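Sequences are here, hints too, so could you generate the full structure?
2 protein chains.
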Amino acid sequence: MERIVKYWYPRGMARPREFDEAAVLDAAREQFWLKGYAATSMDAIAAATGLGKGSLYGAFGGKQQLFLRIFDGYCARLTDAVTSGLTGPDEQAYVRLCAHIRATAAAVAADSRHRGCLLAKSVAELSEHDPEITVRSRRTLDGIAVTLADDIRAAQRHRDLDPAADADRLALLVVAVLRGIEALGKAGIGADLVEGVAETAIALLPRVDTTREADEAPCPDAMARNATHP
Amino acid sequence: MERIVKYWYPRGMARPREFDEAAVLDAAREQFWLKGYAATSMDAIAAATGLGKGSLYGAFGGKQQLFLRIFDGYCARLTDAVTSGLTGPDEQAYVRLCAHIRATAAAVAADSRHRGCLLAKSVAELSEHDPEITVRSRRTLDGIAVTLADDIRAAQRHRDLDPAADADRLALLVVAVLRGIEALGKAGIGADLVEGVAETAIALLPRVDTTREADEAPCPDAMARNATHP
DNA sequence: GCCATTGTGGACCGCGTCGTCCACAACGGT
DNA sequence: ACCGTTGTGGACGACGCGGTCCACAATGGC
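Each protein sequence line maps, in turn, to chains A and B. Read left to right, the first sequence gives residues 1 to 230 (our numbering). Read left to right, the second sequence gives residues 1001 to 1230 (our numbering).
To be clear, the hints were calculated from the coordinates, so they are not data collected in a lab. The reader is advised that the hints may include incorrect statements.
[As the list claims (entries may be wrong)] Heads up, simulated DMTMM-like pairs for lysine to aspartate or glutamate below, C-alpha to C-alpha not over 25 Å straight-line:
| no. | chain 1 | residue 1 | chain 2 | residue 2 |
| --- | --- | --- | --- | --- |
| 1 | A | Lys35 | B | Glu1132 |
| 2 | A | Lys63 | A | Asp43 |
| 3 | A | Lys35 | B | Asp1043 |
| 4 | A | Lys35 | B | Asp1130 |
| 5 | B | Lys1035 | A | Asp43 |
A quick note: this is a predicted structure, and the numbers were derived from the prediction, not measured.
Shown next, in the form of C-alpha cells:
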C-alpha cells in the first residue's frame, strides 16, 4: 500500500546492513542441513547467525523464503560442481566420468557423520507438499543428467564408451546410481561397500563393443577393452 | 517403584483395549509418512486414530517409541515383500530380478503424489541423529541386498547372468539403483524416464559372456543385445 | 543539525507442541 | 457387590514455535 508514487528518490541513504549476507546464509544452511526444515527454528537460526529476528525477517522474509533461497543456492553450487568436474576434452571424458562416480562415492564414504546431501534431505522431507522444492530439485537433477550425457557422448566419440548406447538414458541411470550411493551412505552402509558400488557401476558401463559380427562400425582395433576397470 | 512384590497375580482382569492395535499403527504410519516425523503431532495422530492421548501414550509410550515401532514394522514388511518377490526356482531367477526392478520403477512412476518410501524419508530426516534408525535401515537394506545376491547367484547358476560377476557387489549396486530410482521419483522425474532407468539398468546387467575367444561358455547366439531397450 | 529511510534486536502475541494427570469405565476374581 | 487393575479421553501445564511490533541506531542528502 505504500510506495504508491514511483517518481521519487530517498532524501538520504538509509542505514546499511551490518551483517555479511553470504555468511548468514551459510550459517542458516548449516542449521537446516543439520536438523531438517521442520525441526529448525527461526530462533535457532537467529542465534546461529547472531542476527535479531527483526533483521532476519526484514532481510529474508520468513522461514520458507529463507529456506528456498538457501536451497536454490545449494542447487546452483551442486550443478556448478558437477559441470566443472565433467567438462573438458573428449580424450578424458571417460576418465572424468569414472572420476566423478568415484569422487561421489568417496565423499559419501568419507562423510562419517552421515550428513549427506541437502538436496536429498530436503526433497525427502518437503517434495511431497512443496512444488517449489520439487521443481527445483527436478531441474537440478535434470541439469546433472544433461551434463553427464554430454560427457558420455564425448566418451562415445572417443570410443571409450559404446556409441550404440543411448547417452541420455545412460546418464539418467548414472544419476540414479549416484543418488542411490548417497542413500546407501545415509543408511550407514560401510565406506568400502559404498566405494565398491561405484566400482561395480563403472565396470558395467558399456565399453566399445569389439565383437560385432560384421557391422557398420569402423572399429579397426580392439585394444584396451577391459570390462573391469583396473 | 511400584510392583515391588513379584509373587502376585491380579485380583481380576483389567479393562480390555477398545482399539485395534494394527489399525492404530496403520493410521499413525500414514501420518508420519505424509508429514514426516518432526512435522507430525501426537494430537494429529490422536485425531487420526480416534484415540485419546492418554490411551496413546499408555499404549505406545511416546512419539519416538511409537515411530520406532512403526518404522520397524515397515522395514519388516519391505523385507518380506522383496524376499517373496525374489525367491523361487533358478530357472526364473533372472526374470524375477528384472521384474523386481521393473516393479519398483513402476511403483515409483505410478506414485503421482510422490509419497515415496517411508524408509527413505525417515532415514533422510532422522538417520543423522538417531542411531536406532540408522542401524535398522542398514539392516533392512543389507537384507534386501542379500536376497538380491541370492537371486543373482541363482541366475548365474542358470547361466542367465555372467557367473564371473561378483553377486554380492552386483546386488548392492542394484540396491543403489533401486534407491536412486526412488530418489528420482521424489524429485519429480517423469514416469517414462523413471521406467527408462530401470530398463537401462536391466540392459546393463552382465549377461553370459558370449564372446570369449575359445572359452568354456556354450553360448551359441548373440541375439538381443541392445544397450537401449525398445 | 535535521530529515526520511532502512537496519537492529528484543519484547511480545497467539498458537501448537509433547507429555502428564485424573476422574471415570470396563473388566475378572473373590 | 466389592475390589484392584488397566484402559479411556479430555483438561491441563510448561514450553517452543513463527511472526509482528516498536523504540532506537545509523546513514546520506539537504
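Okay, the hints, checked on the actual structure:
Of the pairs offered as hints, the one joining Lys35 of chain A and Glu1132 of chain B holds, with about 17 Å between alpha carbons and a cut-off of 25 Å not exceeded. Restraint check for Lys63 of chain A and Asp43 of chain A: satisfied, since their Cα atoms lie roughly 11 Å apart, inside the 25 Å limit. A hinted pair counts as satisfied when its Cα atoms are at most 25 Å apart, and Lys35 of chain A with Asp1043 of chain B qualifies at roughly 22 Å. Between Lys35 of chain A and Asp1130 of chain B, the direct Cα distance comes to roughly 11 Å. Compliance with the 25 Å bound is thereby established for this hinted pair.
At most 25 Å may separate the alpha-carbon atoms for a hinted pair to count; Lys1035 of chain B and Asp43 of chain A meet this at roughly 22 Å.
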